[in-house]
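Undergrad: Residue-level listing of the chains:
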Amino acid sequence: MNNFFYKKKKFILLEDLYKICNLSYKKNIKKKILDVNNIKEAKNSEITFLNSSNHLIDAMHSKALVCIVSKKFEKYLNKKIISLVSNQPEIDFYKVVNFFYPTSNIDDEKVLNLKKIKVLKKNISIGSNTIIDKTAEIGFGVKIGNNVIIKPYVKVGNNSVIGSNVILSNAFIGDNVIIKSGTLIGQTGFGFKYINKKRFNFPHIGKVIIENNCQIGSLCTIDRGTLSDTVVGEFTTIDNQVQIAHNVKIGNFCIIASQVGIAGSTIIGNNVLIGGQVGISHHLKIGNNVKIGGKSGIVSNIDDNQIVMGYPAKNLREFVRQNKK
Amino acid sequence: MNNFFYKKKKFILLEDLYKICNLSYKKNIKKKILDVNNIKEAKNSEITFLNSSNHLIDAMHSKALVCIVSKKFEKYLNKKIISLVSNQPEIDFYKVVNFFYPTSNIDDEKVLNLKKIKVLKKNISIGSNTIIDKTAEIGFGVKIGNNVIIKPYVKVGNNSVIGSNVILSNAFIGDNVIIKSGTLIGQTGFGFKYINKKRFNFPHIGKVIIENNCQIGSLCTIDRGTLSDTVVGEFTTIDNQVQIAHNVKIGNFCIIASQVGIAGSTIIGNNVLIGGQVGISHHLKIGNNVKIGGKSGIVSNIDDNQIVMGYPAKNLREFVRQNKK
Amino acid sequence: MNNFFYKKKKFILLEDLYKICNLSYKKNIKKKILDVNNIKEAKNSEITFLNSSNHLIDAMHSKALVCIVSKKFEKYLNKKIISLVSNQPEIDFYKVVNFFYPTSNIDDEKVLNLKKIKVLKKNISIGSNTIIDKTAEIGFGVKIGNNVIIKPYVKVGNNSVIGSNVILSNAFIGDNVIIKSGTLIGQTGFGFKYINKKRFNFPHIGKVIIENNCQIGSLCTIDRGTLSDTVVGEFTTIDNQVQIAHNVKIGNFCIIASQVGIAGSTIIGNNVLIGGQVGISHHLKIGNNVKIGGKSGIVSNIDDNQIVMGYPAKNLREFVRQNKK
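Chains as they are written, first to last, in our numbering: chain A, 1 to 325; chain B, 326 to 650; chain C, 651 to 975.
Be a bit skeptical, because a hint or two may be false.
Unchecked claim - Subject to a maximum C-alpha distance of 30 Å in a straight line, what follows is the list of computed BS3-like cross-link-like pairs (lysine-lysine):
#	chain 1	residue 1	chain 2	residue 2
1	C	Lys899	B	Lys518
2	C	Lys658	A	Lys291
3	B	Lys574	A	Lys198
4	B	Lys574	A	Lys285
5	B	Lys435	C	Lys784
6	C	Lys713	C	Lys765
7	A	Lys110	B	Lys441
8	A	Lys122	C	Lys974
9	B	Lys523	C	Lys765
10	B	Lys649	A	Lys314
11	A	Lys116	C	Lys784
12	C	Lys941	B	Lys522
13	C	Lys766	B	Lys435
14	B	Lys333	C	Lys772
15	C	Lys843	A	Lys285
16	C	Lys766	B	Lys459
17	B	Lys649	C	Lys676
18	A	Lys71	A	Lys43
19	B	Lys440	C	Lys680
20	B	Lys459	C	Lys658
21	B	Lys435	B	Lys332
22	C	Lys721	A	Lys121
23	A	Lys122	C	Lys657
24	C	Lys771	A	Lys116
25	B	Lys480	A	Lys285
26	B	Lys523	A	Lys95
27	A	Lys324	C	Lys680
28	B	Lys447	A	Lys9
29	B	Lys351	B	Lys459
30	B	Lys649	B	Lys480
31	C	Lys935	B	Lys518
32	C	Lys768	C	Lys745
33	C	Lys771	B	Lys459
34	A	Lys314	C	Lys729
35	B	Lys523	B	Lys435
36	C	Lys899	A	Lys324
37	C	Lys935	B	Lys523
38	B	Lys400	B	Lys522
39	C	Lys721	C	Lys745
40	C	Lys772	C	Lys745
Just so you know, the hints here were simulated from the structure itself, not pulled from any lab data.
So here's chain A without its partners, still in its complex pose:
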């Protein structure tokens, strides 16, 4: 996964998987598994999982070493892959991820090693009480407010402005980005399952990428991804108190007004305009140039160039017609 943010376990033996997720491989093969990955990108030293018909073609061509798979999808796997049948492939895979990346399912509050930044040399300004981990990279000309917390391995690009009380973790911030005060970027998302009357928190080994020239308002929360990244595209502008959940991808030049909430894994195109207090459900696809009226509730995909409003949202003309006196 090429993940900068974690100390990773070096490997696990195939035969030891039963210790983690109660799945064992009966044949007498010694194999070292070196990392986790999604089924499309997994290398032949990596473990992956399959539990959805959306990935059957990827499954046929996958180069993974091992795949945790539900019984009904096992037959679609590339025959070279060692398959481990499970009733809960996703959960079992997450357990393996948590083994490799042991702190990826919590917001680690360990004490930081403070960085000494050459403020003058790089033309950086930093306010009072601000804490920057020594492994973070801060670009030229960056302005950072007071009480800011920048956690390990975060990168902030050149000439960006980080408001006061901001917390950055597991995030790459581009150049010329403005993040207003009180916003939290890169925390674990709302991913968990109750199993046997306990909470099992999903790993979050993705990061947040805020691309160049974005502007993020105050008191927003942008959670990092589980297995992929959460992305805000270039020049997108976001108002105050917006919630962006894990794995969301937002395109370029979008405008997102105040108090919007976008649920997990939803993908939003370019030039999308989202009015205040809109809620967008999870795992949706919103096309390019879409306009969504204020306070709408979006529960299904929207094609390019549509203008919608309502709860549930419909074509704007239809919304207006239905609400005439």
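Got chain A; can you put chains B and C on it based on the hints?
TA: Coordinates of chains B and C only, in the frame set by chain A:
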């Protein structure tokens, strides 16, 4: 009330009530009132109030010494109780509460006496700039982030994680609780009345109880109770930017998505699932195992096991049927 | 504009306007422009703009020296005014504003010069890690929490309480005001336009005025105005997580529940009651004594004394009738 968080006035004489709320007891009895309480639990040294037909049976059996009561309910009171008839029993009672607990109606911003915590001995870690009052109790293995404020008499149970920028006041936090960054727990709620062109803020002598194994997201606000506590039950999991008002009781194993708002005194059962941006009105009762679709507006009670959606919310099947194209 | 918060450029020559906004005045007149202003209040040394039929009468009587104006409105201008015709009068005017007030379109995160406050003399209390700029004015008896940031030229009136983690900039806070923890007041608002594939941020030379005896909840955002002020009237009470956009004016004795969002330039009367999670669109006028039910979406003006609910909001009786089972 057995309240740890306040310095309480020791007593008030019955004859001096007129100084506080303009109610006087004409007979020549010297009585000391030692505390305030609700009508059900009041002891025979305490003052209470009655202004609702919901508590008539409690009124008959109440052991209170004094009760501030509206004219029409006076006849239901246990005859041993000294009754004080008022046009505004609740407000007059609140005035007495404010007398006994003089700072309970504001968020006191007095300067804290900092605690020295034996970090190594109790395996506690504490970030930079964090302020913990010397009367707070911090359990074994607790991790606390940066810029955290923990106010007097707060208790944090073992192995809990308190994110950065969190403020805790008037709260008991259980074991294995996770509170993410930027969340504020235990402040006064939105309770007040305009009287004679001034604001009269209600006392908030309740606390917030976060039970064991809860997880609370970032930038949430959970206000403390007025006369009772605000409670989040075991293993309940709450996402970012959620508002929970004073006196709300939430059961166990509930799942509450982002940007939900729950208004004052509402009671929510166990295993309740609440979608993003849902609003729930005040003084409602939501049953066990209820599922509420995203962005719904709840304005009436919901029985056990219902699935609802909409604004105002209705049965999910009905919502889908009405919104078919 | 009589603006305390900025270092202003002293003047610009009429002939140099083309450098800023590509508008030039061909005649051979040497004129110094000393400041920017709206068309009604502009003095005869100031520049203004006109691009709306709402201000034609003001245009006829305006004393401005120069006006940037769209072709179709030029004829309405007082003949003494030097007119500069533009295809985009508002944007060109904003460019001139940005010239006069060069940092007014960003939230400046420059390092503050800390103030030494005579705490005892003025009966002020200040928590830990709190940063107050030396140009800020703090009244008698003010209580300030921890981690607070008070930026240049802010005024806080007597006996006000400023909660922890609050950030105040470009704001005048009245007497006896309560601002709860985590609230941000006075930042730039959500005003910008994409021009030639770049973001042009509008100037925000207005301030926020919180009048006497207001109470603002936790984790609210109240943005400062662009060319006018954002105002919260006397005794108005606001709950947690409320968003108030730039230029909004709220009257006296209003009650605004949690998670409400009010979009830019909307004007709200006195004694208005706004339920939780209500959204109010921009540039609207809400009358006096209006009551708005929880979660309503307001997209048009509301007359005095109306009671409304719904999305879009309608008369409450109509809302109830339509939603009967």
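Undergrad: Could you tell me which of the hints above the structure violates, numbers in ascending order?
TA: 2, 4, 6, 8, 9, 17, 19, 20, 22, 24, 25, 26, 27, 29, 30, 32, 34, 38, 40
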